[in-house]
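A.B. asks: Taking the hints into account, I'd like the entire structure generated from these sequences.
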Amino acid sequence: MMFHQSILNTDATGIAIEWDRLAPVLIVLGAAVVAVLVEAFVPRKARRPVQIILSILAVVASGLMTLMMALAPSDYISNTVAGVAVNLDPAALYIQLAVATSALLGLLVIADRTVQGEDAFTPQAASVPGSEYEDQARRAGLVQTDVYPLVLFATGGMMLFPVAGDLLTMFVALEVLSLPLYLLSGMARHRRLLSQEASLKYFLLGAFASAFFLFGSAWVFGATGSLNLYVIAGSMTELGMDPILLVGVILICVGLFFKVGAVPFHSWTPDVYQGAPTPITGFMAACTKIAAFGALLRVLYSVVPSLKVDLKPALWTVAILTMVLGTVVGVVQQDVKRMLAYSAIAHAGFILSGLVTFTTDGLTGSLFYLFTYGVATVGGFGVIALIREVDGEGHMRGEATALDQWRGLGRRSPVLAGAFSCFLLTFAGIPLTSGFVGKFAVFSAAFGDGAWALGLTGLACSAVAAFFYFRVIVVMFFSGEPAQPARGGLGIGVRTNGLTQVAITVALALTLVLGVVPGWFLDFTQSLSYFIMP
Amino acid sequence: MNGIDLTLLAAAEAPTGVSLMWLVVAIPLASAAILLLAGRAADAWGHILGVAASAAAFVVAAWAFFAMLGRAPAERSFNLGLFDWITGGDFNLQAGLRIDQLSISFVLLVTFVGTLIHIYSVAYMSHDPDRRRFFAYLNLFVAAMLLLVLGNSYLVLFVGWEGVGLASYLLIGFWNQRLDYAVAAKKAFVANRVGDVGMLIAMMVMFAHFHTLTFDGVFEQVQADTASTAVLTAIGLALLLAACGKSAQFPLQSWLGDAMAGPTPVSALIHAATMVTAGVYLVVRSGPIYIHTEGARLAVLIVGAITLLYGAIVGCAKDDMKKALAASTMSQIGYMMLAAGLGPVGAAFAIMHLLTHGFFKAGLFLGAGSVMHAMKDQVDMRRFGGLGTVMKLTWVTMMAGWLAILGIPPFSGFWSKDKIIEEAFVGTGWQPWVFGLVAMLGAGITAFYMSRLFFMVFHGQARWTDDQHPHEAPPLMTVPMAILAIGSVDLGGILCLIGFAKWLEPVTQAAGEAAEAEPVLAVPVITVATLVLVLAGAALAWVKFGAKTAQVPVLPPPANVLVKAAREDLFQDTANDVFLVRPGQAVVKGLTAVDGKVVDGAVRGIGCLVQTVGGGLSRWQTGFVRSYAASMLAGVILLAAIVLAVWL
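Chains A and B, in that order, give the protein sequences. For the first sequence, the numbering used here begins at 1 and goes up steadily by one. For the second sequence, the numbering used here begins at 1 and goes up steadily by one.
These aren't lab readings, by the way, just hints derived from the structure by calculation. Fair warning: this is a prediction, and the values are worked out from it, not measured in the lab. Don't take each hint at face value.
[To be verified] Sample of chain B residues facing chain A (criterion: CB under 8 Å; computed from the structure): (1) GLN621; (2) MET632; (3) TRP647.
[Unchecked claim] If you anchor each label on the Cβ, the simulated ranges turn out as follows: (4) PRO583/B / THR317/A: 49 to 55 Å; (5) GLN611/B / VAL115/A: 39 to 45 Å; (6) GLY448/A / THR229/B: 40 to 46 Å; (7) GLU39/A / VAL613/B: 46 to 52 Å; (8) PRO313/A / VAL613/B: 21 to 27 Å.
Note that beta-carbon positions come from the ideal geometry of N, C-alpha and C, so glycine has one too.
C.D. replies: Structure below.
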């Protein structure tokens with residue numbers, strides 16, 4: 001009975017539900033349910049606009065609720081929301097805000113389509129690539145509007161992930177955010193086989209990783225007798241260094257490392273990032289990473305601080321491996337999306353290096369880094385989504401992602417190329433961009449904690465990574481047209497309804513503002529940089 | 001003690017004229033900006049705006065001057081705060097102006113002579129398509145020079161210091177389509193940069209020891225003996241290096257002759273009357289430092305003495321009219337430097353000589369410009385002669401300048417230079433004899449080479465090249481020349497009569513009352529001996545170059561080794577080449593090689609390594625889910641092993 005009590009924490013009167021504190025999660029999930037109904041009952045022609053408006057409104061409302069709470073955290077933080085299933089602490093609020101911001105920008109890119117009416121998704125996901133059925137669906141002008149409920153479900157899972165109060169809620173959130181992403185990855189309009197392959201790989205490996213997470217939860221339950229994070233944290237001090245507990249925690253971390261794309265659990269990243277529809281890549285590269293880091297932060301900072309001495313060597317190993325591999329393999333990539341995938345791996349390593357210091361500075365640095373990285377990532381993939389290849393007759397085809405196709409883009413689409421350069425500069429951590437401030441924050445936290453190996457590796461990797469970011473700038477602006485036409489034709493900016501441009505502009509503005517005057521935002525981040533410790 | 005008084009005065013209300021002094025910098029600066037930004041659109045009226053800006057600055061300065069005159073001598077010093085410039089940690093610097101007897105003298109000189117030269121340039125540059133740009137640079141120079149003398153801290157001074165360097169560079173290379181002119185501009189800039197390093201070092205040492213860069217703050221602490229003599233000597237020597245660069249003193253003098261590549265009005269204003277005297281200003285302004293450091297003060301004296309002889313000797317051999325005048329400028333600034341090194345009393349005469357020199361040397365240069373104007377830009381004095389009859393006005397104005405620089409009473413140079421020579425004889429031990437005799441000898445040589453110049457140009461037989469039709473310059477040129485000539489005649493006498501040295505005392509004797517001392521020779525003896533030497537020099541020049549019987553060859557005659565050396569500027573360029581340029585180039589070549597081979601090689605090597613490793617590692621990315629899952633499993637085992645290893 002004791003166990004049941006501690007798992008579910010129910011009593012005779014039932015659970016009190018704090019609707020306001022849960023609103024950010026519930027609004028999005030509720031909207032997702034409504035969106036499913038929209039799919040069923042709204043006439044086909046009206047579906048797309050209704051879905052877009054619904055999902056954008058839901059994310060905006062959720063984000064505003066989060067912002068309201070984040071501005072007055074002391075009024076809202078609580079570790080007993082919905083029983084003990086949800087822990088609303090300041091750092092988690094910040095993560096929710098970052099997820100909502102990036103999700104909103106990501107949604108704009110997802111909702112955009114070219115002036116010819118082509119969006120990034122296949123007209124009929126169920127059709128076999130290259131079949132007659134697919135052809136018919138395209139000619140009929142079908143639109144796959146169930147993208148929007150899927151994105152909303154994923155966003156809802158991401159909003160819940162960082163505030164989960166017990167391992168079970170966390171696992172449910174993990175699955176709620178993952179399953180829609182597996183589907184979304186397989187829905188690309190062009191190169192459908194690559195997309196479906198990515199989807200299947202993501203699903204298989206994701207299931208594998210989830211199993212580790214569950215397995216780890218079981219070990220921890222075995223060691224502590226509870227799934228509740230507070231109870232676990234409390235028994236840590238009593239149990240001390242229990243091998244069962246240690247292995248359990250490491251297995252939980254592995255599940256989360258998979259989601260953030262840390263080495264050696266990263267191998268899905270390049271394939272999935274490349275195969276998924278680019279707007280979805282941007283969405284998941286930003287939001288999944290933020291949410292998964294949110295969960296990782298919760299586990300590391302509020303559950304296991306008493307084990308940090310034992311965990312540090314393993315965490316350091318992962319951080320260093322992630323930075324080095326992401327950077328070194330990124331150098332040899334010839335595809336822009338793959339290159340950004342490796343860059344995402346390297347960034348996960350940079351964030352980890354601040355995070356594993358277990359200091360407030362490290363927490364602030366990681367949070368700030370996550371926010372700015374998410375925004376810039378959506379912007380960067382937004383630009384990639386707009387660069388399409390043009391064949392000999394001038395027909396617009398799929399996305400031009402090979403580096404060769406980007407040659408001389410600075411002349412063909414100067415504004416997009418300029419914006420992309422800014423995102424690359426922030427990824428490289430050049431001063432006056434938010435990326436510099438973020439890198440400075442995490443590395444100074446690492447040095448401040450005496451983690452010289454992490455800090456120095458981070459600096460060296462940043463220097464090497466700058467090479468492949470600058471190479472793209474050089475290719476876009478300083479190299480002539482290739483002697484032999486690139487396979488598939490050169491890339492050029494496509495004309496769309498303009499939603500992507502809005503997202504890119506906002507992302508660019510945030511990137512530059514947080515790079516030039518970061519102080520106020522760092523203060524804001526700092527004010528939310530703590531967990532309610534048990 | 002005076003330093004404290006001055007800070008108190010800062011709080012006192014400055015009279016209207018003085019509180020508007022920021023305008024004297026702002027007006028020419030704004031004008032320069034307008035002229036540069038408006039571009040060709042301003043070609044039609046650019047020169048008028050340029051002249052008006054300079055004249056307006058003079059009016060404001062004169063207003064401030066009269067406002068100052070209305071106050072007691074001790075209350076004629078003002079600090080005018082402008083804005084908080086640098087605030088960081090415990091270092092706060094307010095950009096401000098310091099208006100006192102010394103700076104107002106400079107401001108009046110710069111704006112008055114500057115305005116005359118602006119007017120002169122309207123005619124002199126009338127055929128140049130880039131006249132507007134010329135005026136923009138001139139205005140920029142005026143603004144920077146005024147900021148230099150008005151700044152209330154070394155840092156503000158340094159802004160002006162760099163500004164005049166830039167303006168000088170731009171104006172020397174104004175006709176940069178000619179390679180040698182562009183090279184001359186670069187040479188001036190580089191030589192100045194060497195001096196600037198001295199300025200920077202001085203400021204850094206000051207900041208390290210005094211935590212302030214304002215004049216008041218630094219001098220107060222120098223008075224209070226917070227720094228050791230060694231530190232003060234270091235500051236003094238570094239400041240002297242800065243002064244040498246800007247004022248073309250030994251050993252950084254080589255750029256001034258080449259700087260004559262600029263248009264003649266530039267030579268008159270920047271490279272004779274004002275900018276090159278900035279070093280003297282710096283040394284006089286830093287008097288409270290030099291008075292506490294015998295070593296640095298002696299260095300100033302030695303530099304001044306060497307340069308005054310150096311310039312005089314070089315001047316004797318130059319056939320290029322402007323270069324002869326440049327050598328003379330160098331020599332005269334050597335006199336000022338010598339005087340500035342002599343202490344508070346000498347400093348007053350240094351500034352007085354600076355003012356009289358500003359007038360007569362500017363007048364001489366403008367006269368030279370008038371001659372060039374008449375002779376199709378020719379400068380070789382061997383091809384002149386007999387011009388006195390054709391260009392009466394130029395002849396008269398240059399004669400005034402010539403007599404002034406010779407120091408013939410009652411022309412203005414006599415009053416200031418004679419005082420310097422007298423003051424050089426003051427002291428004990430070997431110093432008064434060496435410096436006094438050098439100063440006196442210099443006066444004699446000056447008389448020779450200046451008379452040589454004057455006679456070769458205006459007297460003797462005409463040795464013109466074919467197709468020369470000399471004519472008098474237009475009134476826009478001759479009127480400024482005439483006004484400067486009037487100054488050359490009487491400015492010295494007037495300054496002496498009104499007690500200029502006394503007027504400067506609050507500044508020059510800020511560090512305390514200077515004791516009156518008698519020279520080691522009786523004053524009349526010195527004066528008479530100097531005059532005899534001067535007359536002898538002039539007479540020699542007359543016999544060789546002026547008299548009807550004198551034969552001046554049109555080509556430089558073969559000469560002995562000493563004359564050759566003088567013609568080659570005493571091998572200063574060769575010396576620079578051997579001691580500085582070539583070792584410098586060798587170092588640069590070495591560093592380039594190291595950069596190319598070692599640094600680039602290392603970078604390339606790392607690049608290759610990363611590429612190779614990356615290529616190898618990317619093979620791990622097989623595309624097979626089974627191998628991905630295997631690597632994940634391996635990762636889990638690895639992490640579990642690490643954790644358990646730590647636990648064990």
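A.B. asks: Does the nearest C-beta of chain A fall within a distance shorter than 8 Å of the C-beta of GLN621/B?
C.D. replies: At about 6 Å, which falls below the 8 Å cut-off, the nearest Cβ of chain A leaves the hint on GLN621/B intact, so it holds.
A.B. asks: Looking only at beta-carbon atoms, does the pair GLN611/B, VAL115/A fall within the given range of 39 to 45 Å?
C.D. replies: Holds: the Cβ-Cβ distance is about 41 Å, inside 39 to 45 Å.
A.B. asks: If you check the beta carbons of GLU39/A and VAL613/B, does the distance land in 46 to 52 Å?
C.D. replies: 49 Å, holds
A.B. asks: Should the hint that PRO583/B and THR317/A are 49 to 55 Å apart at their CB atoms be regarded as holding?
C.D. replies: At roughly 53 Å between Cβ atoms, THR317/A and PRO583/B fall inside 49 to 55 Å, so the hint holds.
A.B. asks: At the C-beta level, are GLY448/A and THR229/B separated by a distance inside 40 to 46 Å?
C.D. replies: 44 Å, holds
A.B. asks: For the pair PRO313/A and VAL613/B, does the Cβ-Cβ distance stay inside 21 to 27 Å?
C.D. replies: For PRO313/A and VAL613/B the Cβ distance comes to about 24 Å; the hint holds.
A.B. asks: Is the interface hint satisfied for TRP647/B? The criterion is a beta-carbon contact with chain A at less than 8 Å.
C.D. replies: 5 Å, holds
A.B. asks: For the hint on MET632/B, does the least C-beta distance to chain A fall short of 8 Å?
C.D. replies: 5 Å, holds
Checked against the numbered hints above, the structure breaks none of them.
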